[in-house]
Amino acid sequence: MKKVTKFVCVAAALVLSVAMLLTGCVVAPVTPQSPSSPQDSTAGNTPVAPAKEAAELIWYLVGPQQEPETDKILEAANTYLKDKLNVKINLTVLGYGDPYNNKVNTMLAAGDRIDICFTAGWAADIKANSAAGYFRELDSYLAKSSTITDIVGKAFMEGIKINGKTYAVPCRKEQVHNWGFIIKKDLAQKYNVNPADIKTMEDMEPIFETIKKNEPGTYPLLVVEGEAPFKLLDWDVISDDSIPGALYPDNRDTKIINQFLAPESIAMYKKMREYMQNGYIPADAATMQNFNDHLKTGNYFAICQSMKPGKAAEMTATTGVEWLDVNITKPVMANRDASGGALLAIPTSAKYPDQAFAFIEMLYTDKYLNNLFVYGIENEHYVKVSDNVVKLTDNTGYRAGNGWRFGDQFLNYLMDNEDPNKWEQFVAYNGQAFVLDSLGFSFDRTPVDAEHAACKAVTETYYKQLFTGSVDVDSTVKQMEADFKAAGVDKLIAEMQRQYDAWLASK
Amino acid sequence: MIRKSIKRNPNQISWLSNALLNLFFILCSIICVAPIILVILVSVTDEMEILKTGYTFFPKVFSLKAYEYIAASGQAIWRAYGVSLFTTIVGTLLSMLITCMYAYPLARSGFRYKTFFSFIAYFTMIFGGGLIPWYMVYTHIFKIKETVWIMIFPYLLNAWFALIMRTFYKTTIHESIIESAKIDGAGEFRTFFTIVLPLCRAGLATIGLFCTLNYWNDWYLPLIFVNNPKMYNIQYLMYQYLLSIQFLSSSSSFSQSSLAFRDLPSESARMAVAVLSIGPIVFAYPFFQKYFVKGLTIGAVKG
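Line by line, the protein sequences are chains A and B. Following numbering that gives the first Met the number 0 from start to finish, the first sequence increments by one per residue and tops out at 506. Following numbering that gives the first Met the number 0 from start to finish, the second sequence increments by one per residue and tops out at 302.
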């Protein structure tokens, strides 16, 4: 009897400790499914048409939230697609930032099935996930059908390649960038400022002075975190904005330099110091956050921004304060436009990659389908004012918006308060771009991971003070230079140069 | 109260020290309570006023816009409260049961495999399997992704709580009590449930409070496992609101044509979220407090 009790106790204890292993940690090695072998390797050869049952496409997308009436939209889409592709869309929208990144990156790494996956430099990182082999190469599809290449443009398609291969197709939106200011409309009119006359930042100085003198309570210039006139230098960064290593944005040479210590940058820091001392920039600028919130107060005359057609109108809508555009730099097509954009990838875990690609293509060509996902169902979520202009109804069940996530944004209907020529202007804006030689180069940071991280920490220590003119420039730059050296910036830039030279040679 | 007597109570302290002590503790209470009051006040302050003048205890313009914005999601928030309550109650009960049962044999001197099971507990405190294997165990082996159980199972047994509980048994339950139970004919389970557990009420309350907070405050499990908005718990729902607001109000390139996010009450919404997420859980504190204090002092009293 005693033995039996003992046995029961030991058994119970064992069960409990197994429970602990499962809850706390996993000791037994679980062989992860090799990401390079898709779950169903034959699916790649399945022709689109013969499949009897509709192929379910699992689609993950970033966005503000899963709209409550998404099911209705999917039902409409599936009915519409039944005869065309015989697919069934299963869309999940996950929130910006951590929710999307954590879930999708974990799913990709664990080999969970996803058929279509939104990716970019800032969401489910395209570089890391492509390098890890989680995304399918799409070059064979693109070679068969040039629809997307024709719509997006050859130069840009080159730009989003990673090591010469295409892992995702870019949505068509603005493909170039330029920098400038938005200035407050009422004050600009009051002091007869014509935005077209302003060609450089220095042209703004007399206006700043007038505002400072005559408009108590209004600061001439808002500088918040990265939203600073430093951007006007338009460094063509190799890794990202917080990492030293950049080229001049005019194809003058192929030498990579530390942009934070370049003479132009130091001159810019000094200028900001001067502005700060003149009282153009608020004294606590270095600790401010969320520039949109500050703009809403109407207490600021200007802020440096990334520009595009209709920027001022968009900011007017966002902040409730009226703005005018002041373009300073020339439009440039660079790597930041490619990786900072919005792309759709087909993971290697996809069950129906062919159908997924066909569906993605339809988002670029089918106006009905595209707008269904952006605006919802006609006469329910929106009404048509004219052929291409819509007005939202009071039904808030589906307000996805953010049309830049769905293939060709230029297929989107326009809202009644938007410029009717919005998309023509975008096409023209994209067309006038100056293409940088470095477009398409992607830096692999793995050989210098430690230096990369250390240099990022140095930048984050100093950039806010320097960009806002909050500190003495010469002594701070000296200190920053020493810190960069200690962080291994020389090794980092040498590695960038080596990779860049090799890439140029192979081109 | 007692009428003021002329005779002085020998234990009574002078009115000056009394006043000073009271003052001191009143100040302490204010320091603790004031931030919460500020959070509540900011959450009902007009957004524009916050941006212009900063946080204040005396807002001039009241506005419930932050709450309206959150309420606009309708049912979602009640559903999320429901999910949170369910996981907290069921999770706490299950987790306490398992923790107590795991810790009990470790506290008994006669148990032969004590070192082995203690080692397993210690081991998980130091080493983990990493995110992806951990994820795959729940999704590929147990297949409980997208169910409510995914927000309960991973926290069922916390090695740290088990060790606390073991210490509790050791200090509170003397071997002779168990021995006498055995002499009276009680089996192991009967001894455990009717003698040991009732004697450890203070310890149970301590663990219970930890578990409750653990489950209530959790947003990480939904962040990794739950895609269906209907299964979000309250903390994660609030977290997602905050992230969306933050993302849209600090990035210029993505605010375009975002139809739903024009007038985001960002500062006040942040505070409203804090108010909503502390909601019901504050009521759990007084319930546990009685035992909690006892639990903390029990070692000292016994000497």
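Everything labelled a hint here was simulated from the structure, so no lab data went into it. For clarity, every value in this text was computed on a predicted model and none was experimentally measured. Keep in mind that a hint or two might mislead.
Straight line, CA to CA, 27 Å or less: simulated DSSO-like cross-link-like pairs of lysine-lysine [claimed, not checked]: (1) B/Lys-142 with A/Lys-211; (2) A/Lys-421 with A/Lys-455; (3) B/Lys-51 with A/Lys-212; (4) A/Lys-463 with B/Lys-169; (5) A/Lys-254 with B/Lys-144; (6) A/Lys-87 with A/Lys-254; (7) A/Lys-160 with A/Lys-350; (8) B/Lys-142 with A/Lys-87; (9) A/Lys-153 with A/Lys-211; (10) A/Lys-184 with B/Lys-51; (11) A/Lys-455 with A/Lys-490; (12) A/Lys-189 with B/Lys-229; (13) A/Lys-81 with A/Lys-198; (14) A/Lys-329 with A/Lys-390; (15) A/Lys-160 with A/Lys-184; (16) A/Lys-269 with A/Lys-71; (17) A/Lys-390 with B/Lys-64; (18) B/Lys-51 with A/Lys-350; (19) A/Lys-87 with B/Lys-229; (20) A/Lys-366 with A/Lys-81; (21) A/Lys-350 with B/Lys-64; (22) A/Lys-506 with A/Lys-484; (23) A/Lys-329 with A/Lys-463; (24) A/Lys-269 with A/Lys-87; (25) A/Lys-212 with A/Lys-184; (26) A/Lys-126 with A/Lys-83; (27) A/Lys-211 with A/Lys-490; (28) A/Lys-87 with B/Lys-51; (29) B/Lys-51 with A/Lys-71; (30) A/Lys-153 with A/Lys-484.
Sample of chain B residues with no beta-carbon within 10 Å of chain A, all distances over it, derived [what the hints assert, rightly or not]: (31) Leu-15; (32) Ile-29; (33) Phe-57; (34) Ile-131; (35) Thr-138; (36) Ile-223; (37) Pro-228; (38) Gln-239; (39) Glu-266; (40) Tyr-284.
We put the CB at the ideal spot given by N, CA and C, even for glycine.
Structure-based check of each hint:
no.: 1; hint: B/Lys-142 with A/Lys-211; in the structure: violated, 64 Å
no.: 2; hint: A/Lys-421 with A/Lys-455; in the structure: violated, 38 Å
no.: 3; hint: B/Lys-51 with A/Lys-212; in the structure: holds, 21 Å
no.: 4; hint: A/Lys-463 with B/Lys-169; in the structure: violated, 55 Å
no.: 5; hint: A/Lys-254 with B/Lys-144; in the structure: violated, 50 Å
no.: 6; hint: A/Lys-87 with A/Lys-254; in the structure: violated, 50 Å
no.: 7; hint: A/Lys-160 with A/Lys-350; in the structure: holds, 24 Å
no.: 8; hint: B/Lys-142 with A/Lys-87; in the structure: holds, 23 Å
no.: 9; hint: A/Lys-153 with A/Lys-211; in the structure: violated, 48 Å
no.: 10; hint: A/Lys-184 with B/Lys-51; in the structure: holds, 20 Å
no.: 11; hint: A/Lys-455 with A/Lys-490; in the structure: holds, 14 Å
no.: 12; hint: A/Lys-189 with B/Lys-229; in the structure: violated, 52 Å
no.: 13; hint: A/Lys-81 with A/Lys-198; in the structure: violated, 54 Å
no.: 14; hint: A/Lys-329 with A/Lys-390; in the structure: violated, 34 Å
no.: 15; hint: A/Lys-160 with A/Lys-184; in the structure: violated, 41 Å
no.: 16; hint: A/Lys-269 with A/Lys-71; in the structure: violated, 57 Å
no.: 17; hint: A/Lys-390 with B/Lys-64; in the structure: holds, 24 Å
no.: 18; hint: B/Lys-51 with A/Lys-350; in the structure: violated, 53 Å
no.: 19; hint: A/Lys-87 with B/Lys-229; in the structure: holds, 22 Å
no.: 20; hint: A/Lys-366 with A/Lys-81; in the structure: holds, 17 Å
no.: 21; hint: A/Lys-350 with B/Lys-64; in the structure: violated, 45 Å
no.: 22; hint: A/Lys-506 with A/Lys-484; in the structure: violated, 32 Å
no.: 23; hint: A/Lys-329 with A/Lys-463; in the structure: holds, 25 Å
no.: 24; hint: A/Lys-269 with A/Lys-87; in the structure: violated, 58 Å
no.: 25; hint: A/Lys-212 with A/Lys-184; in the structure: holds, 18 Å
no.: 26; hint: A/Lys-126 with A/Lys-83; in the structure: violated, 33 Å
no.: 27; hint: A/Lys-211 with A/Lys-490; in the structure: violated, 45 Å
no.: 28; hint: A/Lys-87 with B/Lys-51; in the structure: violated, 50 Å
no.: 29; hint: B/Lys-51 with A/Lys-71; in the structure: violated, 42 Å
no.: 30; hint: A/Lys-153 with A/Lys-484; in the structure: violated, 40 Å
no.: 31; hint: Leu-15; in the structure: holds, 44 Å
no.: 32; hint: Ile-29; in the structure: holds, 27 Å
no.: 33; hint: Phe-57; in the structure: holds, 20 Å
no.: 34; hint: Ile-131; in the structure: violated, 5 Å
no.: 35; hint: Thr-138; in the structure: violated, 7 Å
no.: 36; hint: Ile-223; in the structure: violated, 6 Å
no.: 37; hint: Pro-228; in the structure: violated, 5 Å
no.: 38; hint: Gln-239; in the structure: violated, 4 Å
no.: 39; hint: Glu-266; in the structure: violated, 7 Å
no.: 40; hint: Tyr-284; in the structure: holds, 26 Å
Violated hints, listed in ascending order, are 1, 2, 4, 5, 6, 9, 12, 13, 14, 15, 16, 18, 21, 22, 24, 26, 27, 28, 29, 30, 34, 35, 36, 37, 38, 39; each of the other numbered hints is respected by the structure.
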